[in-house]
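Number of protein chains: 2
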Amino acid sequence: MAINETEISTLGEFGLIDRITRDFKIQNDSTQVAVGDDCAVLNYGDKRTLVTTDLLLEGIHFDLTYVPLKHLGYKAAVVNFSDIYAMNGTPRQITVSLGISKRFTVEHIDELYAGIMLACKEYGVDLIGGDTSASVTGLLISITCIGEGEEGKIVYRSGATDTNLVCVSGDLGAAYMGLQLLEREREVGAGIPDFQPDFAGKEYLLERQLKPEARRDVIAELRSLGIQPTAMMDVSDGLSSELLHICKASNVGCRIYEDRIPIDYQTAIMAEELNMNLVTAAMNGGEDYELLFTVPLTDHEKVQQMKTARLIGRITKPELGACLVTRDDNELPLKAQGWNAFNKD
Amino acid sequence: MAINETEISTLGEFGLIDRITRDFKIQNDSTQVAVGDDCAVLNYGDKRTLVTTDLLLEGIHFDLTYVPLKHLGYKAAVVNFSDIYAMNGTPRQITVSLGISKRFTVEHIDELYAGIMLACKEYGVDLIGGDTSASVTGLLISITCIGEGEEGKIVYRSGATDTNLVCVSGDLGAAYMGLQLLEREREVGAGIPDFQPDFAGKEYLLERQLKPEARRDVIAELRSLGIQPTAMMDVSDGLSSELLHICKASNVGCRIYEDRIPIDYQTAIMAEELNMNLVTAAMNGGEDYELLFTVPLTDHEKVQQMKTARLIGRITKPELGACLVTRDDNELPLKAQGWNAFNKD
Numbered sequence: 156m157a158i159n160e161t162e163i164s165t166l167g168e169f170g171l172i173d174r175i176t177r178d179f180k181i182q183n184d185s186t187q188v189a190v191g192d193d194c195a196v197l198n199y200g201d202k203r204t205l206v207t208t209d210l211l212l213e214g215i216h217f218d219l220t221y222v223p224l225k226h227l228g229y230k231a232a233v234v235n236f237s238d239i240y241a242m243n244g245t246p247r248q249i250t251v252s253l254g255i256s257k258r259f260t261v262e263h264i265d266e267l268y269a270g271i272m273l274a275c276k277e278y279g280v281d282l283i284g285g286d287t288s289a290s291v292t293g294l295l296i297s298i299t300c301i302g303e304g305e306e307g308k309i310v311y312r313s314g315a316t317d318t319n320l321v322c323v324s325g326d327l328g329a330a331y332m333g334l335q336l337l338e339r340e341r342e343v344g345a346g347i348p349d350f351q352p353d354f355a356g357k358e359y360l361l362e363r364q365l366k367p368e369a370r371r372d373v374i375a376e377l378r379s380l381g382i383q384p385t386a387m388m389d390v391s392d393g394l395s396s397e398l399l400h401i402c403k404a405s406n407v408g409c410r411i412y413e414d415r416i417p418i419d420y421q422t423a424i425m426a427e428e429l430n431m432n433l434v435t436a437a438m439n440g441g442e443d444y445e446l447l448f449t450v451p452l453t454d455h456e457k458v459q460q461m462k463t464a465r466l467i468g469r470i471t472k473p474e475l476g477a478c479l480v481t482r483d484d485n486e487l488p489l490k491a492q493g494w495n496a497f498n499k500d
Numbered sequence: 156m157a158i159n160e161t162e163i164s165t166l167g168e169f170g171l172i173d174r175i176t177r178d179f180k181i182q183n184d185s186t187q188v189a190v191g192d193d194c195a196v197l198n199y200g201d202k203r204t205l206v207t208t209d210l211l212l213e214g215i216h217f218d219l220t221y222v223p224l225k226h227l228g229y230k231a232a233v234v235n236f237s238d239i240y241a242m243n244g245t246p247r248q249i250t251v252s253l254g255i256s257k258r259f260t261v262e263h264i265d266e267l268y269a270g271i272m273l274a275c276k277e278y279g280v281d282l283i284g285g286d287t288s289a290s291v292t293g294l295l296i297s298i299t300c301i302g303e304g305e306e307g308k309i310v311y312r313s314g315a316t317d318t319n320l321v322c323v324s325g326d327l328g329a330a331y332m333g334l335q336l337l338e339r340e341r342e343v344g345a346g347i348p349d350f351q352p353d354f355a356g357k358e359y360l361l362e363r364q365l366k367p368e369a370r371r372d373v374i375a376e377l378r379s380l381g382i383q384p385t386a387m388m389d390v391s392d393g394l395s396s397e398l399l400h401i402c403k404a405s406n407v408g409c410r411i412y413e414d415r416i417p418i419d420y421q422t423a424i425m426a427e428e429l430n431m432n433l434v435t436a437a438m439n440g441g442e443d444y445e446l447l448f449t450v451p452l453t454d455h456e457k458v459q460q461m462k463t464a465r466l467i468g469r470i471t472k473p474e475l476g477a478c479l480v481t482r483d484d485n486e487l488p489l490k491a492q493g494w495n496a497f498n499k500d
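Residue numbers (my numbering), protein chains in the order written: chain P, 156 to 500; chain A, 156 to 500.
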């Protein structure tokens with residue numbers, strides 16, 4: 156611990172909670188009472204309430220040797236907002252629970268919360284509660300996000316039908332390549348004092364890995380064009396995995412065209428440097444937090460006007476299965492090769 | 156791992172989620188969509204939504220050498236319901252996030268969920284989502300509970316006023332004594348093969364520690380007698396700590412009478428065996444999950460009719476402070492000696 160850092164035990168649990176919550180200002184009318192009682196109190200009137208939760212564990216989901224705590228806090232909040240947008244809703248409140256081992260100081264927790272607060276401010280979300288505890292090893296963050304949606308406007312995974320079009324926002328595979336880059340530089344620099352990692356020309360990959368954004372701009376564009384998606388998900392485990400979820404929940408198949416998969420230039424360069432298959436990385440990399448959605452065929456012209464998303468394929472009858480159509484017109488069945496939390500290796 | 160146990164990696168994340176959620180049946184009209192999409196969808200109409208969250212970590216909050224997993228699951232759910240009742244609300248939905256290390260098998264997680272399911276059935280609460288991940292060490296459980304309340308009927312910590320009466324349900328200190336008993340028997344039995352712990356005559360203490368209940372019967376009795384508490388909390392950190400929270404939030408003082416503190420016979424016997432101060436244990440033991448509440452002086456006769464709670468003191472002007480009045484009429488200032496998650500020792 157550096158000389159100007161503070162042990163958490165000097166504040167105690169209530170002191171720590173007070174310190175980390177006092178600067179959050181309430182931003183939503185639906186937040187009637189936030190932190191400070193047994194429960195928060197929300198008022199949703201005649202809206203529908205959306206609830207999602209995410210658990211982030213040190214050593215499993217993040218590595219603090221290359222992830223700054225402020226970025227971690229920002230990302231932990233944003234990935235939850237992304238789930239609310241993926242239902243065509245608006246995130247409004249979060250609870251944040253932390254488990255904190257002895258190697259963390261009050262200043263570390265301040266950094267983490269600075270990121271959470273920045274995300275809350277950016278997206279207009281209120282912190283309404285949480286639980287804070289010592290942990291035996293490492294840091295853990297459990298966030299639950301509550302949002303609102305309108306009856307009839309909420310979009311599920313199960314609404315895709317035969318002849319629908321498949322679209323995805325932004326580009327894919329960059330967050331995964333950012334992770335590969337961070338891990339490579341960590342290995343190169345291991346044991347070298349004052350090692351300076353080389354990230355030149357790869358800033359976009361780092362940004363996608365360390366500071367992802369939730370695509371509320373896509374939701375806004377869909378609304379402004381009068382498009383109501385039939386099914387939607389956010390891409391967290393990888394495009395293939397999410398497509399299979401939609402196909403299963405909607406009982407449909409799909410054809411995704413390799414030459415339509417949106418990939419950034421930096422992602423392509425990095426894949427070449429690492430001798431990795433670019434399309435595999437884009438289809439299975441994960442952590443993109445882009446929005447994958449289906450729309451009726453009649454919205455074809457509207458989706459072609461979209462600036463935030465593009466057409467990548469179509470929904471088929473279920474018996475046709477879910478396939479990637481390669482540039483040379485082969486059909487490869489999609490596989491969920493996304494990150495699996497319980498893989499043995 | 157025993158021969159008929161299953162490694163979690165054989166199911167994978169989605170297989171595990173499917174296994175642990177498929178037997179939960181939806182019990183509330185407000186649960187529109189539960190597990191299986193990016194978010195759950197709730198419909199609260201014109202009710203108020205209550206939200207609370209609790210984090211339980213192995214090695215900090217529980218010790219699996221003497222806590223069965225089914226009991227742990229039950230308790231993890233019930234302590235959240237208790238927070239909703241403490242606002243005069245009704246728990247309706249929970250999300251459950253788990254971090255699971257490699258030493259746990261599918262059967263272990265089934266046991267844990269059997270306890271969560273029993274609690275959900277008992278209290279009419281729906282499981283609506285969660286997140287499940289591998290963890291580096293040990294088990295962690297993060298539960299968020301959502302409940303409903305009525306505008307004008309929700310009870311905060313901040314509503315107590317001078318001349319109010321202070322009441323508490325059930326009895327205090329038994330859960331703490333149960334923990335002492337379990338720890339004593341663990342120490343006595345350490346290294347002795349087939350050691351049989353001696354719990355005869357102390358079953359109530361074990362039950363209070365291992366299978367606490369949330370006091371919805373107290374809420375029901377308050378309603379049936381037409382009592383609207385002015386402030387309320389559940390006793391999780393210990394009576395002293397909770398009284399100080401109410402006094403601070405309401406800007407009042409209090410006088411609690413030692414001879415009015417409800418203590419079970421088994422608690423008293425155990426305190427004597429362990430040579431512990433009984434009143435200290437009852438005031439600071441924690442994990443009682445009883446309801447502490449204040450009522451207007453005009454409800455004096457009504458609270459005296461209560462079967463589930465009793466009068467233990469009165470609210471005073473703030474300048475009089477918060478004190479315990481001993482049997483010999485001394486006034487001892489209350490101190491929050493409850494369990495502190497960040498204590499150094």
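Honestly, the hints are just simulated from the structure, not real lab data.
Just so it is clear, the structure is predicted and the values come from calculations on it, not from any experiment.
Hints are not guaranteed to be accurate.
Said to hold, decoys possible - Distance windows between CB atoms, simulated:
| id | chain 1 | residue 1 | chain 2 | residue 2 | range |
| --- | --- | --- | --- | --- | --- |
| 1 | P | E277 | A | E358 | 27 to 37 Å |
| 2 | A | Q182 | P | A423 | 32 to 42 Å |
| 3 | A | T161 | P | G200 | 29 to 39 Å |
| 4 | P | S256 | A | E358 | 30 to 40 Å |
| 5 | P | T481 | A | E162 | 50 to 60 Å |
| 6 | A | P488 | P | A345 | 21 to 31 Å |
| 7 | A | E162 | P | A345 | 30 to 40 Å |
| 8 | A | G381 | P | S256 | 30 to 40 Å |
| 9 | A | G200 | P | K472 | 56 to 66 Å |
| 10 | A | G200 | P | R378 | 18 to 28 Å |
Unchecked claim - Computed cross-link-like contacts, BS3-like style, restricted to lysine-lysine with a CA-CA straight-line distance of at most 27 Å:
| id | chain 1 | residue 1 | chain 2 | residue 2 |
| --- | --- | --- | --- | --- |
| 11 | A | K490 | P | K257 |
| 12 | A | K490 | P | K308 |
| 13 | P | K202 | A | K472 |
| 14 | A | K180 | P | K180 |
| 15 | P | K472 | P | K490 |
| 16 | A | K180 | P | K202 |
| 17 | A | K202 | P | K257 |
| 18 | A | K490 | P | K180 |
| 19 | P | K490 | A | K257 |
| 20 | A | K308 | P | K308 |
| 21 | P | K202 | A | K202 |
| 22 | P | K472 | P | K180 |
| 23 | A | K225 | A | K202 |
| 24 | A | K202 | P | K180 |
Glycine included, C-beta positions come from ideal geometry on N, C-alpha and C.
Failing hints, ascending?
Failing hints, ascending: 1, 2, 3, 5, 6, 8, 9, 12, 13, 14, 17, 18, 20, 22 and 23.
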